[in-house]
Structures are given as C-alpha cells and as structure tokens.
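*Asks:* The task is simple: from the sequences and hints, build the whole structure.
Each chain is listed here by its residues.
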Amino acid sequence: MIRFDKVSKVYPRSTRAALDDVTLDIERGEFVFVVGPSGSGKSTLLRLVLREELPTDGTVLVAGQNLSQMSARQVPRLRREMGAVFQDFRLLPGKTVHQNVAFALQVIGKPGHVIRQLVPETLEMVGLGGMGGRLPHELSGGEQQRVAIARAVVNKPSILLCDEPTGNLDPKISLEIVHLLGRINRTGTTVVMATHDDEIVNDLRKRVIQLDEGAMVRDERDARYEPMAPLSTDAAHRPAGAGGATKQKPGAAPAVARKGKA
Amino acid sequence: MRSRFILGEVGTGLRRNLSMAASVVLVTMVSIFLLGLGLLAQRQADTMKGYWYDRIQVTIFLCNAVAVQPNCQGQPATDAQKQTIKAQLQAMPEVENVYYESEQQAYDRFKQQMSGSQVLDNLKVGDIPSSYRVQLKDPTKFAVVTSQFDGAPGVASVQDQEKVLKPLFTVINVVTWVAVVLAAAMVVCASLLMGTTIRQAAVTRRREIAIMRLVGASSMTIRMPFIIEMLIVSVLGVFLAGVALWTLLHFVFDGKLSQMSGAWIGTGDLWVLAPWMVLGAAALATVTSVVALRRYLRI
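From first to last, the protein sequence lines stand for chains A and B.
Numbers 1 to 262, taken from our numbering, label the letters of the first sequence in order.
Numbers 1001 to 1299, taken from our numbering, label the letters of the second sequence in order.
Treat the hints as calculated values from the structure; they're not laboratory data.
One or more hints might be untrue.
[Stated by the list, open to error] Label-pair restraints from in silico Cβ distances:
1. A:Gly29 <-> B:Leu1192: 50 to 56 Å
2. B:Trp1177 <-> A:Pro12: 48 to 54 Å
3. A:Arg77 <-> B:Ala1282: 27 to 33 Å
[What the hints assert, rightly or not] To give a feel for the contact side, a few chain A residues facing chain B, derived at Cβ under 10 Å:
4. Arg77
5. Arg80
6. Leu92
7. Leu105
8. Arg151
9. Gly182
10. Arg183
11. Arg186
12. Thr187
Note that beta-carbon positions come from the ideal geometry of N, C-alpha and C, so glycine has one too.
*Replies:* Dropping the structure here:
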C-alpha cells in the first residue's frame, strides 16, 4: 500500500536530512505506529505519503503509484484515497460539526443525497451521533478530534494518516481516540499514526517504526516503545521547522519528565 | 452539489470582503468608462467622417468681374474656359459628379442658409462667384483636383471642405488618445487591485483551502469561487460604467446635439460596444485571478 525505497528528504535551507535513507513497506489493512522524538522525521514521513512534499532521493509509492512522477492533476485523486488527522484538529470554526464533515464531500463534488446519508452515519460511527448541529468551539478536545476523524474517513479512504492525533489530549481521551482508530483499521483501512506517546503504543501492541534524527532505527511487529532515556542530544539536534513542533501534554508534569524534555 | 457549494462560497467571500469588492467595482467602472469614452470618441469621428464625406465637395470658384485673385486678371471666366474645365473634370476618373452653380443660385442658397441674418442686407448677386461643385468618388483624393485646377485659366480659387473639418477631427483624435491612455492606466490599476483582493481573500480562507487540498478537491474547485467573485464584481463595474456612458449619450448626444445635425453618435453606439466591454472586463478578471492564485493555491 505504502512503500518507501531509500527515501531521503532534505528541506530547503536545511543542511540535515529530515528523513535519511528510509526503506519500508506498509501492507493494506495494517496499523502502524511511527514513533520517535520531536524532529525525528515522523511528520515528514506522513507529508511525503500525502505528497505535500516530494522526496529529495528515493521513491515513494502509494497504491502502486510513484508520487515523484505524478502530475499535479492526479494529486487530488490520490488524496481522495487518503484521510488525514492532525494534532490541531484543523476544523473550520464557522461551520457546524455536520458542515465540517460534509465540506470534505462537497468539495469533491459528491451529490447531496450521498452527503445526507454518509455524514450522520460517519458521525454515529465516531461516537458523535446527534451532535451534528454543534459548533467546534462548543466541543471538548476529544470531541473535536472525533469530528476531524469523521471528516478524514467520511469518503471511505483506504489510508488514514494521523500526525500526533492525541498530542493535545489527556491520556484517557487519547486512548479512546486510538481505540476509535483501531476500529476504523478493523474495517480494512490502513492506519499510519505518528506519535511519541509510549502509553498508547504499549497499550495497542501494533507494528512500530521508530525514527531517530531521520533514520529508521527499528521496525518491529507487536512492539513496545520505550523512549530512549535522557535525550540531551535531542534538543540540540532539532532543526527549526522540520518534524513536529514541541508538544505539551496538558496537565501532565510526569509525562514531561518521562519524555526527558525540559 | 458542487456548483451550489461553489456559489455559496462566492457569497460568503463577497460578504466577508465587501469593501474590497466595492473598490474593485469602482476601479473597474472608471477604467471601463474611460475605455468606453475613447471607443465612443473614435466612433464619433467615424460617424462624422461618414456624414461629411457624403457631402464633401471640392469647389472650383470661377473668376468674375470683381475677382481679386491675380490668376483672374480682373476678367470673368469665358464660356470657353468654363467648357474646358467642365470637360476636364468629367474626364477625371476620381470625379463622381459635377454641378454648375451660377451666381444667382449661389446667392439664393446663401440667402436660404443664412435667412434672418444681417449679412444678407449687404449681399448682392455676384458677390459669390459661380462655381463647379465637384463630388469625388473617394473624398480623400481631393488633392488631385486641387492641384490640377489651382491656377488654371478662369479659376479664381479651389476650396476643399475637408480643411474646414480637420480641426474637429484633430480634437476628436486627442480625446480618443487621452481616454485610451487613461483607460490603459486604469486597467493596470484594476488588475493590480483585483490581484491584491484575491490574494487577501485567499489568505482569509487559507484554512478552507488547506482542508480542500487535503481531501483532494481539484484545483478548479478551489479556484472557481475566487474567479467567479472577480467576474461578478468586474461585470458589475462594467454595468455601472455602461449606465454612466448611456446617461452621457442619452442626455448630451441624443438630447442636445442630434437636434443640431445628424452626425452624432447615440445610445445605439453603446450597444455595439457593450459586449466587448463586458468580454474585456471578464477576460481581465479571469486572467488576473488565475495569475494571482497560481502561487497561492499550488496543489
């Protein structure tokens, strides 16, 4: 489904590779965690799959298509096969929950009757049945992320990409969200989730791809994630703008200590 | 569904940015008004040329007893001279028609044209000499006649009526150029303002655009609302410019000037220009939008 062959990515105006010679293969229907500290290349990996960026070296294949050789015209079709969820939800503040989800279908020209059927169905599936009329600011963070997930999967994509989807949520809600992603995965959707939350990874026991400073250091099935302890080098090597931003878990002082971040 | 969605986006976009939309309307209006003015002035010149060239004549005044021109030597033209001139004129391929106007006829015509004027009191038959009025096939070729008969025996003077009209055409040409140059400057302003407006709208809607790209909306769907917005405001500007031009034509040209003579443009000329003005503004809006969006809405 997703294949990286010796992929490297160096951002313009950066000397260090955000992704360094990564080769991996993700099968249809898999659930994969991409783990690693901030700046290790998790987001870059997802952006390459989305074709937000093109690799500097190597080839990225998604559903058999080489993304470097794809014309700009074909990109929208590729993205319709993918859903994406982010740490900051990215909901449209002026639109209701229903409108936010419907938006994803409207802009690709789905007919009205399809939208009227799919949107409530999807909202029900993510556990927001009956909340279609609410505005995003009236919802909790967990509920907002469910709306974002509903928007990502409403068009029934074959791949769901999640970039730190639990980064802004507390541990209990985070687990609920990840279990929802697990349910979506069981319907046949390939899920790739970037995270540095070891609790979640250890709870689900899925395939884990670990990145460190752009290089793939581990690819293991049913694996656990133990963030390498005192990461004094982490902050020193973090490039500006590459990879995920600095994450803060709300009200979780122990979590900060555990991740070795100051 | 998509067209309704796009129209909804257009409505939201215009409401959100009403003042910018209004400024684009006004700038488009002024530029199209000036452009229209230039084009109408040109049509006015053409109408006038057509009107006058139908009537324009070269007049060969013949010598009479009171002629002061040295060529006449104080002698009236003899019948033989008149016959020679007439024969020569009729032999020229450029000449359409030749009329002879006697002194009496000239006096009558002048009296009729100037009826009620005091000039008539002092005018006698013979003050206006007899003449050949020459109608040309191509009115611009008057120089051929002028050069051949100027100074011929029995000819007092050769007069070409285009000379009388020349200053008028010069004024119209100046008006045309000034209007077109101003219009060109305003068109540049309009397109810059459209570009700025569209970029600002794109920034305002960057969240929506980011989501659209993410879920795989085609670049057409993303761009269409912006392009349609610009089309609406620019066509509105053209409409207002049209109203201004119509008012000008209706009250000044149709109302006042056409009572004086028939050589004036009217509101009818505006209907000929209107489709071109609409097309021009629409093309400007579309091209500007596409160029302005190219950098901002890359897939």
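*Asks:* If a hint holds in the structure, say so; if it does not, say that too.
*Replies:* Comparing the hints with the structure gives:
1. A:Gly29 <-> B:Leu1192: 50 to 56 Å: Given a distance of about 53 Å, which is inside 50 to 56 Å, the answer is holds.
2. B:Trp1177 <-> A:Pro12: 48 to 54 Å: holds, 49 Å
3. A:Arg77 <-> B:Ala1282: 27 to 33 Å: holds, 30 Å
4. Arg77: holds, 7 Å
5. Arg80: holds, 4 Å
6. Leu92: holds, 6 Å
7. Leu105: Since the shortest Cβ distance to chain B is 8 Å, the answer is holds.
8. Arg151: holds, 7 Å
9. Gly182: Constraint on Gly182 (chain A) not satisfied, violated at 23 Å.
10. Arg183: violated, 21 Å
11. Arg186: Because about 23 Å separates Arg186 (chain A) from the closest Cβ in chain B, which is outside the 10 Å limit, the hint is violated.
12. Thr187: violated, 19 Å
In terms of the numbered hints stated before, the structure departs from hints 9, 10, 11, 12, listed from lowest to highest.
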